[in-house]
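S.K.: Given chain A's structure and the hints, the job is docking chain B onto it.
There are 2 protein chains.
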Amino acid sequence: MVNNIIKYDHDNIFYAQSGGATAVINATACGVIETAKKYGYKVYAGKNGIVGAIVEDLIDTSRESDTDIFNLRYTPGSVFGSCRYKLSESFNKEYENIIKVFRAHRIGYFFYNGGGDSQDTTYKISRVCKDKGYKLICIGIPKTIDNDLFMTDTCPGFGSVAKFIATAVREIECDVRSMASSSTKVFVLEVMGRNAGWIAAAAGLARSNKNIAPHIILFPEILYDEKRFLSLVRYNVQNYGYCITVVAEGVKYGEGYFENQISDAFGHKQLGGIAHIISNTIKNNLGYKCRWAIADYLQRSARHIASKTDVDQAYALGKATIDYALKGINDVMMVINRIQDTPYTWNIGYTNLENVINRERKLPLHFISRNGFHISQKCKKYLSPLIMGEDFPPFVNGLPYTVQLKNILVSKKLKL
Amino acid sequence: MVNNIIKYDHDNIFYAQSGGATAVINATACGVIETAKKYGYKVYAGKNGIVGAIVEDLIDTSRESDTDIFNLRYTPGSVFGSCRYKLSESFNKEYENIIKVFRAHRIGYFFYNGGGDSQDTTYKISRVCKDKGYKLICIGIPKTIDNDLFMTDTCPGFGSVAKFIATAVREIECDVRSMASSSTKVFVLEVMGRNAGWIAAAAGLARSNKNIAPHIILFPEILYDEKRFLSLVRYNVQNYGYCITVVAEGVKYGEGYFENQISDAFGHKQLGGIAHIISNTIKNNLGYKCRWAIADYLQRSARHIASKTDVDQAYALGKATIDYALKGINDVMMVINRIQDTPYTWNIGYTNLENVINRERKLPLHFISRNGFHISQKCKKYLSPLIMGEDFPPFVNGLPYTVQLKNILVSKKLKL
Numbered sequence: 002m003v004n005n006i007i008k009y010d011h012d013n014i015f016y017a018q019s020g021g022a023t024a025v026i027n028a029t030a031c032g033v034i035e036t037a038k039k040y041g042y043k044v045y046a047g048k049n050g051i052v053g054a055i056v057e058d059l060i061d062t063s064r065e066s067d068t069d070i071f072n073l074r075y076t077p078g079s080v081f082g083s084c085r086y087k088l089s090e091s092f093n094k095e096y097e098n099i100i101k102v103f104r105a106h107r108i109g110y111f112f113y114n115g116g117g118d119s120q121d122t123t124y125k126i127s128r129v130c131k132d133k134g135y136k137l138i139c140i141g142i143p144k145t146i147d148n149d150l151f152m153t154d155t156c157p158g159f160g161s162v163a164k165f166i167a168t169a170v171r172e173i174e175c176d177v178r179s180m181a182s183s184s185t186k187v188f189v190l191e192v193m194g195r196n197a198g199w200i201a202a203a204a205g206l207a208r209s210n211k212n213i214a215p216h217i218i219l220f221p222e223i224l225y226d227e228k229r230f231l232s233l234v235r236y237n238v239q240n241y242g243y244c245i246t247v248v249a250e251g252v253k254y255g256e257g258y259f260e261n262q263i264s265d266a267f268g269h270k271q272l273g274g275i276a277h278i279i280s281n282t283i284k285n286n287l288g289y290k291c292r293w294a295i296a297d298y299l300q301r302s303a304r305h306i307a308s309k310t311d312v313d314q315a316y317a318l319g320k321a322t323i324d325y326a327l328k329g330i331n332d333v334m335m336v337i338n339r340i341q342d343t344p345y346t347w348n349i350g351y352t353n354l355e356n357v358i359n360r361e362r363k364l365p366l367h368f369i370s371r372n373g374f375h376i377s378q379k380c381k382k383y384l385s386p387l388i389m390g391e392d393f394p395p396f397v398n399g400l401p402y403t404v405q406l407k408n409i410l411v412s413k414k415l416k417l
Numbered sequence: 002m003v004n005n006i007i008k009y010d011h012d013n014i015f016y017a018q019s020g021g022a023t024a025v026i027n028a029t030a031c032g033v034i035e036t037a038k039k040y041g042y043k044v045y046a047g048k049n050g051i052v053g054a055i056v057e058d059l060i061d062t063s064r065e066s067d068t069d070i071f072n073l074r075y076t077p078g079s080v081f082g083s084c085r086y087k088l089s090e091s092f093n094k095e096y097e098n099i100i101k102v103f104r105a106h107r108i109g110y111f112f113y114n115g116g117g118d119s120q121d122t123t124y125k126i127s128r129v130c131k132d133k134g135y136k137l138i139c140i141g142i143p144k145t146i147d148n149d150l151f152m153t154d155t156c157p158g159f160g161s162v163a164k165f166i167a168t169a170v171r172e173i174e175c176d177v178r179s180m181a182s183s184s185t186k187v188f189v190l191e192v193m194g195r196n197a198g199w200i201a202a203a204a205g206l207a208r209s210n211k212n213i214a215p216h217i218i219l220f221p222e223i224l225y226d227e228k229r230f231l232s233l234v235r236y237n238v239q240n241y242g243y244c245i246t247v248v249a250e251g252v253k254y255g256e257g258y259f260e261n262q263i264s265d266a267f268g269h270k271q272l273g274g275i276a277h278i279i280s281n282t283i284k285n286n287l288g289y290k291c292r293w294a295i296a297d298y299l300q301r302s303a304r305h306i307a308s309k310t311d312v313d314q315a316y317a318l319g320k321a322t323i324d325y326a327l328k329g330i331n332d333v334m335m336v337i338n339r340i341q342d343t344p345y346t347w348n349i350g351y352t353n354l355e356n357v358i359n360r361e362r363k364l365p366l367h368f369i370s371r372n373g374f375h376i377s378q379k380c381k382k383y384l385s386p387l388i389m390g391e392d393f394p395p396f397v398n399g400l401p402y403t404v405q406l407k408n409i410l411v412s413k414k415l416k417l
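From first to last, the protein sequence lines stand for chains A and B. Last residue of the first sequence? That's 417 in our numbering, and every number before it is there in order. Last residue of the second sequence? That's 417 in our numbering, and every number before it is there in order.
Among these hints, one or two may not hold up.
The list treats identical chains as one, so a pair stands whether inside a single copy or across any two.
Claimed, not checked - Straight-line C-alpha distance at most 35 Å; calculated DSBU-like pairs for lysine-lysine:
{"id": "1", "residue 1": "K284", "residue 2": "K328"}
{"id": "2", "residue 1": "K253", "residue 2": "K290"}
{"id": "3", "residue 1": "K290", "residue 2": "K363"}
{"id": "4", "residue 1": "K94", "residue 2": "K48"}
{"id": "5", "residue 1": "K414", "residue 2": "K253"}
{"id": "6", "residue 1": "K211", "residue 2": "K87"}
Source of the hints: derived by calculation from the structure; they are not laboratory data. Keep in mind that this is a model prediction, so the values were computed, not measured.
Bound conformation, chain A alone (with noise of 0.2 Å):
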């Protein structure tokens, strides 16, 4: 493979990440510089995804140790920073800025992992160094909790997060099921999902012939019909004697969302609170003992119950990213197919960046239950490779192991 690289003459590897975080971004970290150090190739990682790249701050990956490196698998969060952070539509001095950067660092490769908002990222980046005549490999890799990217089996991030939300559910019905008798008969939990129910969707998982949690799944994909709701959780404890609801933060109601809230640099209002309006609901109406838990960041940090096959697939993305850059590859985002259900076996590809940008996969309806209340079985089976295997990382002192990076910057050679 090795003799089939395209050589240049620019060959540093920008690589960034970007948007929120995940428990396995940095598995595709790990995949990417180990696999770059292979083949002899320098990676600068940007300092807080591409704000790195527009002021110079250039994280010089050599300095790290391969241990610690090698630890980025089992590091949640984003080692080099990431951001929230919008590239104008036009060419201005931020573009100007990152050509002028890259140029003196003489990056030929520009890899952006992230979401749906930094595949678009890397889209404007590829579009204005062609404009201006600035030779590079431009390749978006996918990473969101949503999974809610067009053209890849899933994205790396969302099974670690099914299964710490499946799981929790498995665990949560053990509790409730204990104390409905004479106390908490509904368990609401909030789950992250602005627009696109998939990780509610995953929570799905727990219910098996033994165990019927939850009960009850809102998604952001159906309308909130308080009524039709309230008769399913009281349908649910008469006859089973507890009910455990999983609600989407995005959850729609009529027109607008639940609560008012502040909204990001990309617009997306931040939400979460719904747990607590939807309990209170139900005790109005219903007059039973309520509790609830809204996940938040616990579901998308939780690396210590990772899936294996999530953390596998965020290093291929990595590896495979580099490998076919090599080849010249470039404008596309890597994508994981699907090539079979059962035994889930998978390879790394690619599509075009256009395939990607500013298009957001929901839940299809057909893997939501008739009534709108739970998964169906194409659904299940679509989720349940994802959550399979098992990755815990080493414990030290009863807590698990995380790494930090030094993060040394490379030498500034502008005056931006």
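M.R.: Same frame as chain A, but now just chain B:
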């Protein structure tokens, strides 16, 4: 040891689980049942705690397979059903029923597994039986995530919550550290702890020479001082870039709680939701982007990351209860004795029930750092061994295996 056993005419065992479920209470059940079986004793489990004794709902544990009993070690919740049920201060119909049921089923041993309120139940049963001339060995077995029982080094269930919460803080720090430059700067994690800050304190274990979080802990033992708190949040964000606060649900503000909530059978207020209030206070006063999570039952049912020390102690308490009871030890609660800190060694002993009832062990003030916002070295020394070791459950289809017993009731002999 079998030679020393005092034989009673009535030699069946009644065992029941009471109060909030934990990740390891079934490990105690496992210890009781496996050990009793070894000595040839029958264990009847109360369905839903003491309620099972009042209404003659007795589960015949001999109908379960050895494998299912063994797998109790891995199953959170209370498999026989729990209750929050307060017995009357004076003799009444309920006590009359209990004695009738015990006599009818030849119960000679009463083992009640729970927290402070459950020890009170054990004590009352013992007193009433003595008064009425019914010979019964009464032993309380500790269990409470609140860690607020006197005379025992720790309470089964607590070590596993401690491990889960400290792990969560460690992982959330990785996440927030990544995002702080352009997004979330402050994270608030709400943990259980109505009056005693043991769980909040356990979060402090996540801090190490490499890891800062939690930056701030808000204990129920320390009156909340908004001005000092906000100034410390600002200090941490300015100096470290981010700030992670762990807040006990029972943190106190002036004379009352943050919120008025409903009360349970023992008059305890049901709390929860304080993280949202704290988070809004930070946003409104300091303008930092804030996220928050409420762990609630996630923390107490998280068997997947239980502390091995905790599981071992829970099992050992169950086993020792049988060993001591068969020697005629009576009217005691079993306790864990700490022999030394490093390496942590412990054994099982007992204390008179009078020493534990109607008392609540709060976090001692010397376990809180001088500024009131973190734990002291002494506290760390006490807590550290309790989260040691992992005892991962078996995983099936990517999820932790939990057992559900058949819970077959013994034929009723009475018309109550």
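S.K.: Quick check: which numbered hints come out false for this structure?
M.R.: 1, 5
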